[in-house]
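Participant: One line per chain: the protein sequences are A and B, in this order. Position 69, counted from 1, in the first sequence is what this note's numbering calls 69; the numbers after and before it change by one each time, with no gaps. Position 62, counted from 1, in the second sequence is what this note's numbering calls 62; the numbers after and before it change by one each time, with no gaps.
There may be inaccurate statements among the hints.
A few chain B residues facing chain A, derived, Cβ under 10 Å [claimed, not checked]:
# : residue
1 : Thr8
2 : Phe33
3 : Val50
Computed far set for chain A versus chain B, every beta-carbon distance over 12 Å [said to hold, decoys possible]:
#  : residue
4  : Lys11
5  : Ile12
6  : Gly16
7  : Gln17
8  : Asn18
9  : Ser58
10 : Asp63
11 : Ser66
12 : Glu68
13 : Gly72
14 : Gly85
15 : Asp86
16 : Leu110
17 : Leu113
What the hints contain is simulated information worked out from the structure, not anything from laboratory work. The structure presented is a predicted model; accordingly, all values stated were derived computationally and were not measured. Each residue gets a CB set at the ideal place from its N, CA and C atoms; glycine is no exception.
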Amino acid sequence: DTGVSQDPRHKITKRGQNVTFRCDPISEHNRLYWYRQTLGQGPEFLTYFQNEAQLEKSRLLSDRFSAERPKGSFSTLEIQRTEQGDSAMYLCASSLEGDETQYFGPGTRLLVL
Amino acid sequence: GQNIDQPTEMTATEGAIVQINCTYQTSGFNGLFWYQQHAGEAPTFLSYNVLDGLEEKGRFSSFLSRSKGYSYLLLKELQMKDSASYLCAVNTSGTYKYIFGTGTRLKVLA
Numbered sequence: 001d002t003g004v005s006q007d008p009r010h011k012i013t014k015r016g017q018n019v020t021f022r023c024d025p026i027s028e029h030n031r032l033y034w035y036r037q038t039l040g041q042g043p044e045f046l047t048y049f050q051n052e053a054q055l056e057k058s059r060l061l062s063d064r065f066s067a068e069r070p071k072g073s074f075s076t077l078e079i080q081r082t083e084q085g086d087s088a089m090y091l092c093a094s095s096l097e098g099d100e101t102q103y104f105g106p107g108t109r110l111l112v113l
Numbered sequence: 001g002q003n004i005d006q007p008t009e010m011t012a013t014e015g016a017i018v019q020i021n022c023t024y025q026t027s028g029f030n031g032l033f034w035y036q037q038h039a040g041e042a043p044t045f046l047s048y049n050v051l052d053g054l055e056e057k058g059r060f061s062s063f064l065s066r067s068k069g070y071s072y073l074l075l076k077e078l079q080m081k082d083s084a085s086y087l088c089a090v091n092t093s094g095t096y097k098y099i100f101g102t103g104t105r106l107k108v109l110a
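Extracted from the complex, chain A is given alone in its bound form:
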């Protein structure tokens, strides 16, 4: 078990471009979460998957953000038409149903120029 992995670790893009991030959770974990964290703040919930079903999505999330978990294993988070305000660390976490502990990946740091 290698823990939660995320790819890429860093991404620099120009405003208006689309970006996609990948998260590979711990293999037996059926719950997967995406968070966004900016400097000096705690992680902000974006969305939650149980297996392949997206069961909750933050109302703060604009329509430019979409996430998938097609086979209930890895997940992708796409941001369309990026804006400078999207610059943040995007964290993925996974957990096993019945165990409330979330295990975080190393994050993808996005910089929008």
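Dock chain B against the given chain A, drawing on the hints supplied.
Facilitator: Below, chain B alone, put in the same frame as chain A:
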């Protein structure tokens, strides 16, 4: 609204004990978590409280009072490597959402 409050910064001396407080106001409660986050790294799990009382795990202890909407994290025998941000998070009942506080940045001085 939903709100979690923690002090922004704390300073303590190596070998000492420090208590980091967290108060919360949420729509429902399904457990409170403490995470440690070193600069530039992902949060790592420290403790979980769902019932009132104290949970002890080595040098770290966490306390919960649900009636007061209050928790604290107690760190004993502080070490330099404990310098980090400590995040309080609440799982609200009826949702899968976890709400995090802004974190308390702890500096341990020699």
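Participant: Quick one: which hint numbers does this structure break? Sort them smallest to largest.
Facilitator: 9
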